[in-house]
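Colleague: Letter by letter, the sequence shown follows residues 1 to 165 of this note's numbering.
These are computed hints drawn from the structure, not numbers from a lab.
A couple of the hints might just be wrong.
Unchecked claim - Pairs of lysine-lysine, DSS-like flavour, derived with a Cα cap of 27 Å:
id	residue 1	residue 2
1	K86	K38
2	K72	K6
3	K6	K86
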Amino acid sequence: MASVNKVIIVGNLGRDPEIRYMPSGDAIANIAVATSYKSKDRNTGEQKELTEWHRISFFGRLAEIVGQYLKKGSSVYVEGRLQTRKYTDKDGIERYATDIIAENMQMLGGRQGMGGDAGMGGMDDGGGYEPQQRPAPRQAPPAPAARPQPKPAPNFSDMDDDIPF
């Protein structure tokens, strides 16, 4: 039977990426991404926002890109797969952790740190993204140039009757 192990996450980094290098020289980057879910409390009817944190690991060239361009508060789209690992904690207890192994990444939200104001804010206490200021409204685009007049439709009465079908 076929199976699928695919994860898509769109969220914001909660801290700067951690970059390490393997003895072979390959880069490894680890990030923590926050996603939010809004729901209504059944008892009180109050709107509440729940934040979920996701550990994501990148390898190779993708890890180098993450280390170079992403920072705390960056918006990111990540595709990958789930991987569960088993480890022993400092008290000798066996534990399991499920991480996302990234296969594709897309930076969202503009060009940060490239000389322009990208409108990015910081992380608030709830782990969500809150813009510090709104960008100035854009001016209306210029009117489109005059379009050339379409060619008139062919006059079918001028056609020969020598059509072979």
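Colleague: Look at each hint and say if it fits the structure.
Modeller: Structure-based check of all given hints:
1. For the hint linking K86 to K38, the alpha-carbon distance of about 32 Å lies beyond 27 Å, and the restraint is violated.
2. Annotation: proposed proximity of K72 to K6 holds, straight-line Cα distance about 25 Å (limit 27 Å).
3. Of the pairs offered as hints, the one joining K6 and K86 holds, with about 20 Å between alpha carbons and a cut-off of 27 Å not exceeded.
Checked against the numbered hints given earlier, the structure breaks only hint 1 and satisfies all the rest.
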